[in-house]
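The listed protein sequences derive, respectively, from chains A and B. Residue 763 in UniProt numbering sits at position 763 of the first sequence, and the numbers go up by one each step. Residue 156 in UniProt numbering sits at position 156 of the second sequence, and the numbers go up by one each step.
It should be emphasised that the hints constitute simulated quantities derived from the structure, not laboratory data. Beta carbons: idealized from backbone N, C-alpha and C, even for Gly. Any given hint might turn out to be false.
Just a few of them, taken from the derived set where beta-carbon distance is under 10 Å, the chain A residues facing chain B [unchecked claim]:
1. Phe201
2. Gly265
3. Lys269
4. Glu485
5. Tyr590
6. Arg809
Footprint (simulated), chain B over chain A, 3 or more residues, beta carbon under 8 Å [as the list claims (entries may be wrong)]:
7. 163 to 169
8. 277 to 290
9. 651 to 657
Computed Cβ-Cβ distance ranges for the label pairs, DEER-style [said to hold, decoys possible]:
10. B:Leu39 x A:Asp870: 19 to 29 Å
11. B:Gly14 x A:Thr585: 36 to 46 Å
12. B:Leu39 x A:Gly267: 29 to 39 Å
13. B:Asp43 x A:Lys431: 34 to 44 Å
14. B:Gly20 x A:Asp361: 37 to 47 Å
15. B:Thr7 x A:Ser765: 45 to 55 Å
16. A:Lys600 x B:Lys46: 25 to 35 Å
17. A:Lys673 x B:Ala47: 43 to 53 Å
18. A:Glu623 x B:Gly154: 32 to 42 Å
19. A:Gly267 x B:Lys50: 48 to 58 Å
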Amino acid sequence: MSQVNRIKGGLVDRSKSLDFTFNGKSMTGYAGDTLASALLANGQVLVGRSFKYHRPRGILTAGSEEPNALVQLRSGAAQEPNTRATMTELFDGLTATSQNHRGSLEFDLMAVTDLASPFLAAGFYYKTFMWPAAFWEKVYEPIIRASAGLGRLSMQDDPDTYDKGFLHCDLLVIGAGPSGLAAALAGARSGARVILADEDFAPGGRLNSETLEVDGMAGADWAAQAVAELAAMDNVRLMTRTSVYGAYDHGVYGALERCTDHLPGSGGKPRQVLWRIYSKRAVLAAGATERPIAFGNNDRPGIMMASAVRTYVNRFGVAPGKRVAVLTNNDDGWRTAQDLAAKGVEIAAIIDTRDRPAVCDVKGARHVRGAGVVDTAGRLALKRITLTDGQMIDVDCLAVSGGWNPTVHLTCHQRGRPVWNEDLSAFVPGKDLPQGMVVAGAANGNLTLAAALDEGRKAANAQIKDLGFTVSRKAAPKAEDEAYEGAPKWHIPSGKKRAWVDFQNDVTVKDVKLSHQEGFRSVEHLKRYTTTGMATDQGKTSNIPALAIMAECTGKTIPETGTTIFRPPYTPIPIGALAGRARGTDFRPYRLTPSHEWAKAHGATFVEVGNWLRAQWFVKGNEKGWRDSVDREVLNTRQSVGICDVTTLGKIDIQGKDAAEFLNKVYANGFAKLAVGRVRYGIMLREDGICYDDGTTARMGENHFVMTTTTANAVLVFRRMEFVRQCLFPDMDVHLISTTDAWAQFAVAGPNARKLLEKIVDADSQDMSNEGFPFMACGEVTVCGGTPARLFRISFSGELAYEVAVPARYGNSMMEALMKAGEEFGACPYGTEALGVMRIEKGHAAGNELDGRTTAHMLGMGRMVSSKKDCIGWTLSQRPEMMREDAEKLVGFRPVDRSQKLIAGSHFINKGDEATMANDQGWMTSVAWSPSLDHSVGLGFIKSGDTRMGEIVRAVSPVHDTEMEVEIVSAHFIDPEGERLRA
Amino acid sequence: MPDFTLTAAPPLAGYDRSFGDIALKAPKDLAIVSIALPLGAEDAAKAAIKTAFGIALPEIGMSAVAKDKSTAIMRLAPDQAFVLFPSATPDAEPQIAAKLNGAAYTTDQTDGWCALEISGAGARRALERICPVDLHPDAFAVNAIARTVMEHMGAIVARTGEDTYLLLSASSSAKSFLHAVELSAKNVS
Numbered sequence: 001m002s003q004v005n006r007i008k009g010g011l012v013d014r015s016k017s018l019d020f021t022f023n024g025k026s027m028t029g030y031a032g033d034t035l036a037s038a039l040l041a042n043g044q045v046l047v048g049r050s051f052k053y054h055r056p057r058g059i060l061t062a063g064s065e066e067p068n069a070l071v072q073l074r075s076g077a078a079q080e081p082n083t084r085a086t087m088t089e090l091f092d093g094l095t096a097t098s099q100n101h102r103g104s105l106e107f108d109l110m111a112v113t114d115l116a117s118p119f120l121a122a123g124f125y126y127k128t129f130m131w132p133a134a135f136w137e138k139v140y141e142p143i144i145r146a147s148a149g150l151g152r153l154s155m156q157d158d159p160d161t162y163d164k165g166f167l168h169c170d171l172l173v174i175g176a177g178p179s180g181l182a183a184a185l186a187g188a189r190s191g192a193r194v195i196l197a198d199e200d201f202a203p204g205g206r207l208n209s210e211t212l213e214v215d216g217m218a219g220a221d222w223a224a225q226a227v228a229e230l231a232a233m234d235n236v237r238l239m240t241r242t243s244v245y246g247a248y249d250h251g252v253y254g255a256l257e258r259c260t261d262h263l264p265g266s267g268g269k270p271r272q273v274l275w276r277i278y279s280k281r282a283v284l285a286a287g288a289t290e291r292p293i294a295f296g297n298n299d300r301p302g303i304m305m306a307s308a309v310r311t312y313v314n315r316f317g318v319a320p321g322k323r324v325a326v327l328t329n330n331d332d333g334w335r336t337a338q339d340l341a342a343k344g345v346e347i348a349a350i351i352d353t354r355d356r357p358a359v360c361d362v363k364g365a366r367h368v369r370g371a372g373v374v375d376t377a378g379r380l381a382l383k384r385i386t387l388t389d390g391q392m393i394d395v396d397c398l399a400v401s402g403g404w405n406p407t408v409h410l411t412c413h414q415r416g417r418p419v420w421n422e423d424l425s426a427f428v429p430g431k432d433l434p435q436g437m438v439v440a441g442a443a444n445g446n447l448t449l450a451a452a453l454d455e456g457r458k459a460a461n462a463q464i465k466d467l468g469f470t471v472s473r474k475a476a477p478k479a480e481d482e483a484y485e486g487a488p489k490w491h492i493p494s495g496k497k498r499a500w501v502d503f504q505n506d507v508t509v510k511d512v513k514l515s516h517q518e519g520f521r522s523v524e525h526l527k528r529y530t531t532t533g534m535a536t537d538q539g540k541t542s543n544i545p546a547l548a549i550m551a552e553c554t555g556k557t558i559p560e561t562g563t564t565i566f567r568p569p570y571t572p573i574p575i576g577a578l579a580g581r582a583r584g585t586d587f588r589p590y591r592l593t594p595s596h597e598w599a600k601a602h603g604a605t606f607v608e609v610g611n612w613l614r615a616q617w618f619v620k621g622n623e624k625g626w627r628d629s630v631d632r633e634v635l636n637t638r639q640s641v642g643i644c645d646v647t648t649l650g651k652i653d654i655q656g657k658d659a660a661e662f663l664n665k666v667y668a669n670g671f672a673k674l675a676v677g678r679v680r681y682g683i684m685l686r687e688d689g690i691c692y693d694d695g696t697t698a699r700m701g702e703n704h705f706v707m708t709t710t711t712a713n714a715v716l717v718f719r720r721m722e723f724v725r726q727c728l729f730p731d732m733d734v735h736l737i738s739t740t741d742a743w744a745q746f747a748v749a750g751p752n753a754r755k756l757l758e759k760i761v762d763a764d765s766q767d768m769s770n771e772g773f774p775f776m777a778c779g780e781v782t783v784c785g786g787t788p789a790r791l792f793r794i795s796f797s798g799e800l801a802y803e804v805a806v807p808a809r810y811g812n813s814m815m816e817a818l819m820k821a822g823e824e825f826g827a828c829p830y831g832t833e834a835l836g837v838m839r840i841e842k843g844h845a846a847g848n849e850l851d852g853r854t855t856a857h858m859l860g861m862g863r864m865v866s867s868k869k870d871c872i873g874w875t876l877s878q879r880p881e882m883m884r885e886d887a888e889k890l891v892g893f894r895p896v897d898r899s900q901k902l903i904a905g906s907h908f909i910n911k912g913d914e915a916t917m918a919n920d921q922g923w924m925t926s927v928a929w930s931p932s933l934d935h936s937v938g939l940g941f942i943k944s945g946d947t948r949m950g951e952i953v954r955a956v957s958p959v960h961d962t963e964m965e966v967e968i969v970s971a972h973f974i975d976p977e978g979e980r981l982r983a
Numbered sequence: 001m002p003d004f005t006l007t008a009a010p011p012l013a014g015y016d017r018s019f020g021d022i023a024l025k026a027p028k029d030l031a032i033v034s035i036a037l038p039l040g041a042e043d044a045a046k047a048a049i050k051t052a053f054g055i056a057l058p059e060i061g062m063s064a065v066a067k068d069k070s071t072a073i074m075r076l077a078p079d080q081a082f083v084l085f086p087s088a089t090p091d092a093e094p095q096i097a098a099k100l101n102g103a104a105y106t107t108d109q110t111d112g113w114c115a116l117e118i119s120g121a122g123a124r125r126a127l128e129r130i131c132p133v134d135l136h137p138d139a140f141a142v143n144a145i146a147r148t149v150m151e152h153m154g155a156i157v158a159r160t161g162e163d164t165y166l167l168l169s170a171s172s173s174a175k176s177f178l179h180a181v182e183l184s185a186k187n188v189s
């Protein structure tokens with residue numbers, strides 16, 4: 001097909017032909033075309049089917065407000081549905097297909113729904129698919145989903161990449177039309193850092209679409225000159241193809257830059273970048289959107305917005321029709337007739353809804369005063385229109401102008417409410433704008449060129465002057481104001497003919513009236529009942545007409561009826577762009593332990609613990625399941641020696657003259673008298689007396705402590721201690737810094753732990769005998785011939801155990817050395833599962849027990865909460881309810897039938913009682929298979945547990961539908977006297 | 001001769017690549033020691049710093065570099081600074097402690113951080129993708145530093161030259177951090 005509708009002029013580059021296909025048909029356009037303009041140039045008027053009735057639809061607009069011309073772009077995995085043809089820049093090899101039809105676009109089988117339209121009015125679904133309820137999800141929804149909706153997803157992974165970024169500026173100018181360019185020039189000339197963003201690929205806004213002059217030259221030329229000046233300035237960032245989609249707190253704006261959408265491929269670079277723009281000030285110069293007039297069958301392909309027709313003629317050199325009529329309620333519509341006539345397009349008639357003389361002369365055009373259009377004909381394209389007086393006119397294009405709506409969207413993003421302007425019959429921005437924003441030009445209701453240029457410049461000058469810049473003295477651009485008067489006309493009574501208000505959602509005047517009739521009085525209800533204003537166009541062309549019709553029904557004025565407001569995003573933002581680069585393994589950062597490489601090479605299975613990847617167990621030989629490995633690791637450790645990377649535990653370096661006193665405040669138990677070279681276990685309380693973390697703290701020197709926290713709470717403890725230091729006790733000399741990552745720390749546990757470490761720790765640096773380095777000792781040592789290290793004699797497993805720390809860079813090497821040194825003892829590495837089993841066998845509390853509800857009293861550590869000193873949480877920990885005698889106490893449990901496996905989360909019920917909440921005695925927190933005892937062991941909280949040793953209760957798990965008898969025992973299944981760890 | 005010897009393997013050791021006009025490398029043997037100023041004895045600590053390094057403790061958000069460029073001091077908080085200097089041995093903290101002679105508290109931070117130096121005409125363009133801080137020359141002078149978050153990772157960014165930035169982040173997540181910076185460089189080059 002040749003470019004039958006291509007006419008002279010326009011800003012397209014005719015030296016660069018671009019081939020593309022639409023529904024498989026080969027077509028040609030030029031560089032500078034949008035897909036919409038290229039389709040029109042090729043005479044492709046029909047481009048899609050409507051959402052609900054599958055009505056043939058064409059191109060309505062030339063901008064981001066397009067409700068009709070939604071296509072599927074590209075193919076395969078890169079296929080993107082619901083792409084606006086008006087916003088798609090043409091590139092060589094572009095493939096587009098129409099959507100929402102069965103069979104061909106021309107003969108859509110689903111068009112049968114249009115015949116059934118009397119039954120498909122607003123609320124049809126709510127009223128019809130009511131019964132039976134069981135059908136909602138299984139029958140009705142799949143059917144509705146299959147017949148409605150627009151494009152289809154490829155269901156493959158998105159092959160493109162996305163990125164995000166951060167920008168900063170003094171002045172953000174949103175929109176590069178006349179007022180935006182004037183604002184950007186003013187800002188840039190003053191020396192301020194300016195970002196000028198526009199969603200179009202060609203800055204200039206309507207200057208590119210009109211025949212108006214600025215500074216004595218064509219508007220498009222002036223725009224090009226302004227852009228050239230801006231582009232040459234260091235303090236300006238010119239961002240085309242960039243939609244500023246949201247206004248957030250403190251002058252932060254969201255913007256989507258489409259980097260490679262206009263290219264055949266992305267070349268390995270991000271397709272789109274989501275920017276967060278930090279602006280000191282902003283000028284919103286978003287322009288205005290022309291609105292349609294509702295009349296009978298006003299949705300046929302060929303019926304377009306008058307400004308869009310003008311744009312296709314002037315900017316793209318495309319005549320959307322050969323014989324065009326104009327329907328307008330304002331002076332601006334006349335300019336379309338003028339511009340088309342000037343290009344030699346036949347103007348059949350200008351139908352002005354106002355009964356007044358012609359605005360201007362248009363050669364060959366008939367002027368019909370005080371009239372309207374009531375019906376149209378043409379199955380797949382417009383052929384004829386019928387006027388209010390019954391006369392019919394053959395046309396293939398009808399340009400409609402119902403006046404202009406300032407694009408106020410971004411002014412509403414922080415709950416700003418637009419106000420009604422009677423002169424314009426439109427909403428304009430209200431006073432409560434997002435911080436730092438001013439509005440200029442058409443977006444502010446100044447629709448004419450000279451006014452827009454002037455306001456853009458003045459707005460920018462006021463903004464930057466406020467920031468302390470000296471305003472440029474360069475003269476303002478000169479232009480004239482065009483005629484724009486109008487009288488509102490929202491819809492033309494068209495008998496029983498359906499008149500569309502919202503093209504995207506197939507909402508008609510009748511639907512709006514029906515909604516009112518059925519009692520939906522609020523605009524918010526109207527919107528939800530009819531779905532008007534939803535989907536990709538967010539009601540840019542439909543909101544105000546729907547509102548006006550609603551107002552007519554209620555007999556109220558439009559401002560009395562109210563308006564819905566807007567929230568981000570202004571235009572659709574792909575989920576891929578929001579996700580950015582956070583995909584796959586890079587979804588979030590991961591932390592590796594220093595011995596990660598060693599673990600990977602030695603059969604480790606890793607588990608995510610927060611951001612850490614920790615070795616969970618190490619498979620050896622023919623071990624089939626995780627239990628085989630874990631049981632072996634536990635037995636090996638208890639019988640000889642095991643090694644575990646415990647670097648992930650939080651480490652906080654605490655120094656200062658008041659460090660000891662500070663620890664007395666943050667720990668419930670006393671630390672002030674801890675001797676240098678000794679370690680103590682401590683528990684921390686929240687302000688409300690609940691226990692929130694535990695760990696050990698070593699006194700390395702008089703004023704120097706090293707604290708360990710649980711892995712999960714490392715950051716929380718650090719943050720709370722900073723708060724305590726800075727806000728509660730600012731007079732204390734105490735300083736905190738995290739050293740979690742700085743030291744690779746290994747637990748070496750088991751009866752042979754000392755023998756192993758004697759081979760590692762330099763003999764001259766530490767006496768390793770039980771007397772020389774007893775349980776709970778700590779010290780600075782050297783290992784492997786002089787490497788500085790820290791040694792702690794602490795035990796989580798209950799065995800004779802140490803933790804040894806070396807600078808993290810030596811961590812992997814240290815793991816190798818420890819294993820080599822342990823060879824003669826049959827040392828094994830153990831993972832977090834074995835660690836967990838051993839701590840349960842030993843009865844040590846961990847995260848399962850410190851769940852944010854438990855107190856020291858419950859944990860059996862009530863006596864640790866020192867009454868000799870004050871600590872954070874002390875007062876509230878002493879509340880009577882917290883100290884109840886019958887509080888749930890931490891104890892051990894074993895199944896009466898030793899072959900049974902305990903279930904964590906089970907609740908305890910006394911024998912003979914019904915398993916109800918009222919009879920709940922407590923709950924099981926941790927369970928494990930104890931390879932040491934050869935049966936399941938558990939820890940849990942049960943009322944007065946410490947006084948109920950030997951009692952049999954039932955562990956009930958309604959979730960698993962199980963229950964079993966369990967015996968209350970000491971939590972210390974292994975070595976209750978602690979002889980091993982002191983050995 | 002001990003039976004076992006340890007070899008150092010810092011997470012990004014030896015990394016050195018270019019992406020168009022952007023160079024990215026991991027500085028070798030960069031030692032970091034934190035200094036905390038004792039409450040009530042700040043002046044003495046500042047004097048000791050001046051004596052030890054020949055440079056005054058800079059203002060918060062700035063770093064100061066010794067004349068021979070061997071040492072830089074980053075002031076991170078009212079009572080906290082980092083001393084950065086080349087040292088291959090794991091004794092960075094005792095070295096600094098000895099120089100300060102007890103006038104301030106010191107903690108070895110060398111192994112807690114990974115460092116990347118990004119330089120070249122495109123460095124700032126790459127950092128725009130991950131660094132929320134305004135790095136425009138007017139807003140972030142040479143020797144300026146800032147604590148920030150990049151790709152969910154805590155980080156310090158320091159402008160060490162006209163087009164050169166030193167980035168520090170936690171060593172445990174060094175691979176994620178490298179990926180973040182490297183991808184930024186790739187995406188803009």
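**Hints violated by the structure (listed by number, smallest first)** = 1, 2, 4, 8, 11, 12, 13, 14, 15, 16 and 17
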